[in-house]
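Enquirer: For reference, the chains in residue letters:
Number of protein chains: 2
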Amino acid sequence: MKALEEKILAEGKVLPGNTLKVGSFLNHRLDVDFIMEMGREIARLFADCGVNKVLTVETSGIPIAFAAAYALHVPAVFAKKHKTANLEGEFYKTVVHSYTHDADYDVVVSREYLGAGDRVLIVDDFLANGKALEGLIDIVGQANAEVAGCSCAVEKGFQSGGDRLRSRGIRVESLAVIESFKDGRITFRNENVN
Amino acid sequence: MKALEEKILAEGKVLPGNTLKVGSFLNHRLDVDFIMEMGREIARLFADCGVNKVLTVETSGIPIAFAAAYALHVPAVFAKKHKTANLEGEFYKTVVHSYTHDADYDVVVSREYLGAGDRVLIVDDFLANGKALEGLIDIVGQANAEVAGCSCAVEKGFQSGGDRLRSRGIRVESLAVIESFKDGRITFRNENVN
Chain C
201 MKALEEKILA EGKVLPGNTL KVGSFLNHRL DVDFIMEMGR EIARLFADCG
251 VNKVLTVETS GIPIAFAAAY ALHVPAVFAK KHKTANLEGE FYKTVVHSYT
301 HDADYDVVVS REYLGAGDRV LIVDDFLANG KALEGLIDIV GQANAEVAGC
351 SCAVEKGFQS GGDRLRSRGI RVESLAVIES FKDGRITFRN ENVN
Chain Z
201 MKALEEKILA EGKVLPGNTL KVGSFLNHRL DVDFIMEMGR EIARLFADCG
251 VNKVLTVETS GIPIAFAAAY ALHVPAVFAK KHKTANLEGE FYKTVVHSYT
301 HDADYDVVVS REYLGAGDRV LIVDDFLANG KALEGLIDIV GQANAEVAGC
351 SCAVEKGFQS GGDRLRSRGI RVESLAVIES FKDGRITFRN ENVN
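Those sequence lines, one after another, are chains C and Z. Each residue of the first sequence is one higher than the one before, counting from 201 in the numbering used here. Each residue of the second sequence is one higher than the one before, counting from 201 in the numbering used here.
Do not take every clue at face value.
Identical chains blur together in the list; that is why a pair holds if it fits in one copy or across any two.
Claimed, not checked - With a cut-off of at most 25 Å between alpha-carbon atoms, the simulated DSS-like pairs for lysine-lysine come out as follows:
no. : residue 1 : residue 2
1   : K221      : K293
2   : K293      : K213
3   : K281      : K382
None of these hints come from the bench; they were simulated from the model. As the structure is a prediction and not an experimental result, all values here were calculated from the model.
Required output: the full structure, derived from the provided sequences and hints.
Expert: Dropping the structure here:
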C-alpha cells in the first residue's frame, strides 16, 4: 500500500535494535482516517474470502482490526493478554513470547466469541517474528474455526515470521513490507509480492 | 442513548461485585457498527466544543475513542499503561489506581502527541470511580492543554466518579448511566440528565 509506505518514510523513526516507531499515526497517536483507509484496503484484499470475524490481540492491533472489521461489516474480537475480572467462564488460551518485553504471556479469548463455523481474518499492526499471529492461529484452531488469512500493517520482511506463515500455506497480506533498515534508510519489498 | 440502554439490557450480564459484563459488544467482542454509532453520538454531544483531539487509555477505551475521533474528524491518542521499548523520549506520566486489579499503574502519554493548544475530549468505555479519567485529566493539565469534557459509554451512577468530576465543573456525558443493579435488575438514570 503505497500510501502507507509514504507515511512510514515521512513519519516513521528507526530506533536502535531495528525498532520502527510509528507512534505518530498507528499505535500511540492514531491517525483515524488513515487507519480507516488501511482497513478498507484489508477488506478489499479479503473481500471474497467469506470472513465473518476479525481477530486481533490487545493493544495496538485494535485500531486497525476495528477498521478492517468496519470495512468488512463483521464484528472484531480482541484477545486479551491476561485473564481479568471482567472475563468469566471458559477461554481458549495460548502462550505468546514477546521479544519486545522478553517475556511469555497468556493470550485468552472467550469461548463465547469464537467457535466452529467462524471464518477468521487475523489482523495486527506489526508482523516481525510472527509469535503473536501464531498464537492467534492456535486459538482459532482450538475453536475449530478456520483462518481465512492474516493481514498486518507493517511487516519486517527481514525477520522470519511472515514467510514462515506463508510456507505453512497461510495467506499473509502485509500493507507494507520492510526489506531492510540499512544505514538508517528504509527499503520496502516490492508491493503486491507476497 | 436509548439504543445503548437496550443493548445493555439485552446482552449485559451483572457479575458478583456489581461488575457489568458487556464483552459481547464493547470490550472483548466488538460490535463495530454499534460502536461507530456511539462514536457519532459522542461527536454530536461535543460538536461545538472545538475538540481537536480525543484521549483515552488502553485497552478497552480504544474502540469507542477511535469511533468518536472518526466522527469528530480528529486524531485519537491512547495513553499507555507502561513505558515500553517503542516509546522513546519524554512523557507525561500519572499514577492510576485500578480497583479491578487492586493495583497502581503508571499511565504515560508522549509529549509529542499532546501539548498547549490542544482541546481534548477524554473518552472511555466505563466510568465508575473515575480514577482513570482523573489520571487523563491530570495528563491534559501537565500538557497545558484544555479538557473539553469527558464521555463514557457506561457510567455506574451509584459510584462517585462521574458526579465528582461534574462537581469540579467538568462536562461529563455518559451514553448510559446505571443507577442501580438492585435484585439483578438494571435501572438507568433518566436520559439527558447530567
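Enquirer: Classify it for me, K281 with K382: is the Cα-Cα distance of at most 25 Å met within a copy, between copies, both or neither?
Expert: Neither: 33 Å inside a copy, 32 Å across copies.
Enquirer: First find the shortest C-alpha distance between K293 and K213 inside one copy, then the shortest across copies, and answer within, between, both or neither for a cut-off of 25 Å.
Expert: between (34 Å within a copy, 22 Å between copies)
Enquirer: Pop the pair K221 and K293 into one bin, within, between, both or neither, using alpha-carbon distances up to 25 Å.
Expert: Cα proximity of K221 and K293: across copies only (20 Å, versus 29 Å in one copy).
Hint 3 from the list above is the single one not met by this structure.
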